[in-house]
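Asks: What follows is each chain in one-letter form.
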Amino acid sequence: MNYIAHEYRESLPQSCFALPWSETSDEDALCPWVAHLLAEGRFWAAQDVLEVCFRWSGIMPYKYRLDLRALWNVISAFVQLDTAADEAPLLAKMAVLQVYLAGLVRRDFNISELHYWKDARDGITSTEQSLLKILGENVWKTSRPRLRLQLLDVDMDIVDALRSGQNSFNTTNCQHRLEATMKQAESNEDLSLYEAAKFRLAVLMHVVDPNDTYSYPSLIWSFPRALYVSWREKSLENLSKQGYESPIALAKGLRTQSAEIVQSYPPLDRATSPDRTPG
Amino acid sequence: MHFEIQLQHDLPREIDELMRMDVLGNFRLGKSIFERIIDDFNKEGAIIPWPVVAEYLRFLYDQGNFVALDTAIDRFLAKREDAGGEQQALTSKQIQLLQVLQAVTYTNKYGATEANLRNAQRRESSAFENLVLSNMTNLTEDEVSILLYVEMI
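So the protein lines, in turn, are chains V and W. 52 is the number of the first residue of the first sequence in this note's numbering; add one for each residue after it. 14 is the number of the first residue of the second sequence in this note's numbering; add one for each residue after it.
Errors might be hidden in some of the hints.
Interface residues of chain W toward chain V, partial, derived using beta-carbon atoms under 8 Å [said to hold, decoys possible]:
hint: 1; residue: L37
hint: 2; residue: F40
hint: 3; residue: I60
hint: 4; residue: N78
If you are wondering where the hints come from, they were derived from the structure by calculation, not from laboratory data. Every residue gets a Cβ at the ideal spot worked out from N, C-alpha and C, and that includes glycine.
Put together the whole structure using the sequences plus the hints.
Replies: Structure (structure tokens):
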């Protein structure tokens with residue numbers, strides 16, 4: 052099974068690539084499109100479509116509604132296919148499940164959607180076991196899907212903490228996991244994941260306000276802003292109950308204490324090239 | 014086997030392996046191999062096939078390496094201008110795709126200050142408009158994939 056197959060792509064009728072949503076179509080067009088791409092073995096295109104649809108539904112939920120049940124049925128059917136001996140579809144399953152789960156985490160917290168989260172996480176666990184057998188522990192442990200999973204697990208821990216109403220959420224464990232993710236991402240030269248982990252760490256340590264994600268364009272869609280905004284508000288509220296007069300003053304104090312720690316992680320090589328100027 | 018000969022006969026397999034590195038996140042090794050392939054094409058004065066261009070740019074985008082992405086797009090566009098006529102390396106549609114991708118790269122590279130956002134918005138709007146006007150329905154999956162990836166459709 053190929054990861055890509057250009058000669059195959061070229062042979063397909065171009066009508067296959069009609070847009071899932073347009074002014075004249077509705078959400079009903081999405082699931083058949085994703086199902087078609089998965090059935091044809093064009094996993095990475097299916098992953099892209101899912102990613103974009105979650106983004107659109109996040110921007111304009113009144114216009115682009117996602118039928119999560121129908122979407123999960125399509126993904127679930129794909130995940131249940133027997134591909135245990137084939138690496139590419141297994142990695143594709145992992146990618147599609149992670150896009151779906153990340154899409155759910157990015158949506159506003161909604162108790163009625165929780166069972167979809169659990170189903171997707173269960174699917175990831177079983178796929179992870181199959182991938183471990185094929186790739187071996189060394190490759191899997193350093194791989195991008197594994198690092199993405201670590202970020203998702205931190206996100207989901209925060210969801211759990213908010214859902215269960217924990218008054219004190221210990222960020223130390225999350226900090227250690229995010230640092231481990233950053234270390235491996237740096238080794239892989241995975242700048243995108245490194246920044247994603249670093250930004251989460253900075254938010255958890257109150258160095259930045261999650262509302263500032265507009266300053267980090269490449270992070271806007273990979274970062275569940277609503278979730279971290281909720282967490283931050285809850286965190287400041289809890290700490291202010293402990294005797295701090297002003298959450299704003301508290302945030303400033305925390306920022307001063309924590310900034311040095313976060314800033315000790317260097318930016319990787321994505322700075323402006325000296326021979327180019329904006330404009 | 015000589016590397017260039019192997020490339021001629023087995024390009025999809027080479028690219029397939031590189032995309033495996035992309036999926037697994039092995040950007041350190043993948044980028045150096047991609048650059049070696051592109052250098053080999055350049056040394057021979059051969060046109061770099063679009064699948065190689067498209068997957069290389071996507072690889073850099075996945076990596077989050079916007080400096081390298083911007084430089085690579087500049088290089089591919091310049092090569093097309095150098096070639097000229099029937100020898101040009103890229104079609105007009107592919108050039109427009111590169112311009113859209115470059116516009117999206119802009120804010121990631123320079124940061125989202127208000128002035129830069131306005132500038133990028135103007136570039137994206139112009140490049141995307143050109144692309145849609147040219148013939149949206151005739152895009153191949155590679156091209157759709159790039160556009161989807163840069164959130165333009």
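Asks: Which of the listed hints are not met by the structure?
Replies: 3
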